[in-house]
Structure formats: C-alpha cells, structure tokens
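Just so you know, the sequence shown maps onto residues 142 to 511 in the working numbering.
Treat the hints as calculated values from the structure; they're not laboratory data.
Beta carbons: idealized from backbone N, C-alpha and C, even for Gly.
It is possible that part of the hints are untrue.
Said to hold, decoys possible - Below, computed lysine to aspartate or glutamate pairings styled on EDC-like, alpha-carbon distance capped at 20 Å:
no., residue 1, residue 2
1, 188, 145
2, 143, 189
3, 475, 486
4, 188, 148
5, 143, 199
Unchecked claim - Derived CB-CB ranges, DEER-like:
no., residue 1, residue 2, range
6, 403, 265, 17 to 23 Å
7, 265, 475, 40 to 46 Å
8, 390, 327, 33 to 39 Å
9, 457, 485, 56 to 62 Å
10, 400, 456, 14 to 20 Å
11, 185, 330, 32 to 38 Å
12, 397, 185, 50 to 56 Å
13, 445, 211, 38 to 44 Å
14, 486, 265, 54 to 60 Å
15, 427, 330, 55 to 61 Å
16, 403, 487, 40 to 46 Å
17, 419, 364, 39 to 45 Å
18, 314, 342, 34 to 40 Å
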Amino acid sequence: MKRDYYEVLGVSRTCTDQELKSSYRKLAMQYHPDRNPGNKDAEEKFKEASEAYSVLSDENKRAQYDRFGHQAVGGAGFGGFDASSFQDLSEIFGDIFGFGDAFGTSSRRRTRAQRGADLRADITIELKDVIFGKTTEIPVRKSEACDSCRGTGVANGKQPVACTACGGRGQIRYQQGFFSVARTCGTCGGTGQVITDPCKGCRGEGRIVREHRMKIEVPPGVEDGTRIRYQGEGEAGVFGGPAGDLYVVLAVKDDAFYLREGNDLHCMVSISFPQAALGTEVTVPTFEGDYKLKIPPGVQSGQQVPIRNKGIPVLRGRGRGDLIVHVEVQIPKKLSARQRELLEELSSITEVDEKHDKRSFFDRIKAKLQ
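Using the sequences provided together with the hints, build the complete structure.
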C-alpha cells in the first residue's frame with residue numbers, strides 16, 4: 142500500500158508551499174539516480190517523493206487528496222508520477238547545478254505571485270456540541286489583498302520595472318570551473334522586476350491586515366483534535382497569488398458526568414445494596430432529557446447496563462454509539478441499630494456461592510489486565 146504523501150515528504154498537513162518544496166528538494170537531492178547509480182532503493186524513493194510532490198504541490202490535487210486520499214489522485218502520470226513535476230524539478234535543481242538548460246527553462250523567471258500562508262484557529266467546544274453539532278463565529282485576523290492596488294503593490298497607474306541587478310532575468314550566473322551556476326537574484330527575488338513606485342495604501346506589500354468574524358460549522362461526531370479546513374480563508378497571496386487555507390482545530394472539554402470512548406459514552410450511577418439485590422429503576426440524565434433505566438435484580442457492582450443509541454453520532458455517517466451505564470453498589474459505612482439487626486438476620490439465612498464469587502473475581506481481574 143502507498144504511504145501517506147505527507148509522511149513520504151516528512152511534512153505536516155498544514156505545511157506551506159515553501160516547506161513542501163524545501164522538503165522535496167532535500168529528498169530529491171539525496172535519492173536522485175545520478176547520485177545513486179545502480180541503487181534501486183534510492184530510485185524507488187526518488188519516484189515516491191516525486192509522486193508525492195507532484196500531487197501536493199498542485200492546489201486542486203492536494204485538496205482532493207486531503208479529502209479522499211490516494212483514490213482521488215490515482216493514475217496521475219506513469220506509476221502515479223505526474224510528468225509535469227519535471228518543471229518544478231528544474232526549478233529546484235537549477236539554482237544549485239545550473240540544470241535549467243537541460244529542462245528548457247533556463248530563461249524562465251519566477252512569478253512575483255506567491256500563495257499565502259495557512260492559518261490556524263483553535264476553538265473549545267462542549268460535549269453536547271459533539272452530539273448536536275454547533276455553529277459559531279470566531280475572529281480571524283489575516284492579510285488581505287490591498288483594495289488600492291488590487292494586490293500588486295504598485296501605485297495606481299504605475300508598473301514594475303526591470304531589475305538592474307540581473308537585467309530582468311531573475312537569475313545571476315556565476316562561472317565555477319566547467320559549470321555555470323545560477324543563483325536567484327537577491328534584489329528582485331527571482332522575479333526580474335522591482336517596484337519603484339509602491340502603493341501608499343499597503344506600502345508596496347500588496348496586502349493589508351484586517352480582522353473578520355468567520356462562521357464555523359462544527360458537525361456532530363467530531364473528536365478532540367479534529368481539524369476543519371476552509372480553503373482560501375488563510376493569508377492572501379503575495380502580489381495577487383492565491384490565498385492560503387484556514388485550519389480550525391477543535392478541543393473538546395472534559396465532561397463532569399460522561400466519559401467518551403469512540404462513539405460510546407460512559408457514566409456511573411450509584412445504588413444501595415437492597416436495590417442491587419431486588420432490582421430498581423434509576424434516572425440517568427442524557428443530552429435529550431432524563432432516561433428511566435431498569436436495573437435487574439442481582440446486579441453486581443461494576444456491572445454495565447447499555448442504553449442503545451444514546452452515545453456519539455457517527456461523523457458524517459449514520460447511527461450513534463451507546464450510553465454505557467456502570468452500576469456502583471454502595472455499602473454503608475455506618476449502620477443504625479435497626480439496620481444492623483436486619484442485616485444480621487439476612488446474613489444468617491443467606492448462603493454465599495463461593496464458586497460464583499471466585500469466578501466473578503477472576504473475571505474482573507482479567508478485564509482490568511486486557
């Protein structure tokens with residue numbers, strides 16, 4: 142089975158384009174076939190990393206992969222490898238080895254537009270929000286495209302001019318022995334252009350910072366640590382580039398009465414010894430209201446009594462888990478004279494099933510060890 146693409150590249154799911162490219166660059170340099178002649182393992186790792194990068198570096202493919210996994214991007218190029226990633230490969234290796242000519246991209250300048258950074262927002266919800274879902278609003282402070290220059294960073298009516306340091310090529314070449322090594326121009330950042338008349342509204346940045354109230358939809362069945370992705374709601378791109386994404390991370394508060402385990406909820410109710418022996422009915426609070434639960438006669442302390450379909454809904458699915466009620470039989474620490482008299486009388490006519498007692502004891506021990 143294919144490994145997770147993020148795991149292959151050693152990055153998190155919220156990584157930026159620059160982090161993605163940097164990680165792929167290191168792996169490609171390490172496992173490139175030219176550096177590992179005859180090494181089949183290195184060749185496979187190079188193909189695996191290139192396949193992962195070809196998917197995650199494409200915004201649309203990455204979005205599909207994040208939602209549906211490998212099935213959504215299967216069949217991209219030979220062996221799952223998209224041949225268009227050679228273009229990115231030439232960019233990655235070009236600055237170090239001067240390979241641009243070999244890939245036919247030596248004269249290509251970098252675009253000034255860059256994807257904006259992803260943002261993260263953390264919100265805390267209650268257990269009831271996990272069951273019913275929740276709609277809330279959160280403040281999001283982020284960079285947005287400047288209205289005055291529409292994200293270009295250039296004053297109205299003006300245009301960027303060619304960089305004099307690199308002659309508008311975006312690269313500066315150096316001769317090192319037999320090799321011609323290209324370096325990204327530090328003046329223009331590889332774009333071949335510089336802004337001489339910056340926009341006054343954003344001081345040439347192309348972006349300004351604003352705070353907005355954003356509506357967040359929490360679906361039923363989420364877990365602690367669940368991340369909800371809002372595409373295009375992150376930082377605005379630089380100089381007209383696409384916006385990043387917003388990741389909302391959920392933290393579920395511990396409940397004083399319920400404990401969650403998967404889609405099931407667990408709680409505890411206490412009953413007296415006579416109630417345990419004779420059976421009783423107890424009121425169990427649920428998020429839909431009180432539930433009358435019948436406790437069978439002879440229930441043992443620690444025994445579980447399930448209430449079907451009163452647990453956590455299945456996330457984006459059907460059905461619910463159960464509410465598991467743990468029965469605790471309370472033994473009084475102090476007795477009145479009448480209580481002692483009745484218990485002594487009961488004790489004199491009650492026999493203990495030693496085999497049942499030992500079996501139940503060992504069952505409890507095994508359950509704790511599992």
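Margin query: Are any of the numbered hints broken by this structure? If so, which, sorted upward?
Written below: No numbers; nothing is violated.
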